[in-house]
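Chemist: Take the sequence shown: its position 68, counting from 1, is numbered 68 in our numbering, and each next residue is one higher.
Honestly, the hints are just simulated from the structure, not real lab data. From the three backbone atoms N, C-alpha and C, an ideal C-beta is built for every residue, glycine too. Among the hints, a few may not be true.
Simulated restraints on C-beta separations [what the hints assert, rightly or not]:
#	residue 1	residue 2	range
1	Leu77	Ala100	25 to 35 Å
2	Gln58	Asp94	29 to 39 Å
3	Thr51	Ser89	14 to 24 Å
4	Ala95	Gly44	29 to 39 Å
5	Ala59	Ala106	25 to 35 Å
6	Glu31	Ser96	15 to 25 Å
7	Gly44	Tyr80	12 to 22 Å
8	Lys32	Pro109	31 to 41 Å
9	Lys45	Ala95	27 to 37 Å
10	Glu47	Leu108	15 to 25 Å
11	Thr64	Ala106	10 to 20 Å
12	Val38	Lys93	17 to 27 Å
13	Ala100	Ser35	17 to 27 Å
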Amino acid sequence: MKKPILYIVGGVVAIMLVVATLYTFSNKSLEKYTSSIVGMYYDGKFEEALTALSKAKQAGRYDTNLGIIHGQVLAKLGRYEEARAQYESVRVKDASATQAVNELLAELP
1 MKKPILYIVG GVVAIMLVVA TLYTFSNKSL EKYTSSIVGM YYDGKFEEAL
51 TALSKAKQAG RYDTNLGIIH GQVLAKLGRY EEARAQYESV RVKDASATQA
101 VNELLAELP
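Let the sequences and hints guide you as you build the complete structure.
Modeler: What follows is the structure in structure tokens.
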């Protein structure tokens, strides 16, 4: 009778380990994605960065930082209205980014 309980407990532990591993992989993957896009930005490869940002968004690898970078890329391309809309979107999704977004909005022409 005790063996089925051990199998259940073992199964639960295995699931927890898989979830923890996937979460860690996901965070590292997001950091790598962000780093790559930031590199494109600093290299002046704004169109490439924009393409990578779109792919990140489609893949669900999009967070507040990438949202802000997206706005900055659009601004560098002279697409100021789109940059404003992007920054506003970030502010709506993450209230903790309000101050940063306000400062970036103030810099737009």
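Chemist: Now tell me if each hint is right for this structure.
Modeler: Status of each hint after checking the structure:
1. Between leucine 77 and alanine 100 the beta carbon distance is about 20 Å. The supplied range of 25 to 35 Å is therefore violated.
2. Evaluation of the 29 to 39 Å hint for glutamine 58 and aspartate 94 yields a failure: the beta carbon distance comes to about 20 Å.
3. Evaluation of the 14 to 24 Å hint for threonine 51 and serine 89 yields a pass: the beta carbon distance comes to about 19 Å.
4. Distance hint check: the CB atoms of alanine 95 and glycine 44 are about 32 Å apart, consistent with the given range 29 to 39 Å.
5. Separation of alanine 59 from alanine 106 is about 32 Å and conforms to the stated range, judged on CB atoms against 25 to 35 Å.
6. Distance hint for glutamate 31 and serine 96: a CB-CB separation of about 19 Å, consistent with the stated range 15 to 25 Å.
7. Hint check: glycine 44 to tyrosine 80, Cβ distance near 18 Å, so the stated range 12 to 22 Å holds.
8. Range check, lysine 32 to proline 109: Cβ separation about 33 Å, and the 31 to 41 Å hint holds.
9. One distance hint, 27 to 37 Å for the beta-carbon pair lysine 45 and alanine 95, holds here, with the actual separation near 31 Å.
10. Taking 15 to 25 Å as the suggested C-beta distance range, the pair glutamate 47 and leucine 108 conforms, at roughly 20 Å.
11. For threonine 64 and alanine 106, the Cβ-Cβ distance of about 18 Å falls inside the hinted range of 10 to 20 Å, so the restraint holds.
12. At about 20 Å, the CB distance of valine 38 to lysine 93 agrees with the hint of 17 to 27 Å.
13. A hinted range of 17 to 27 Å for the beta carbons of alanine 100 and serine 35 is consistent with their spacing of about 19 Å.
In the structure shown, a violation is registered for the earlier hints numbered 1 and 2, in ascending order.
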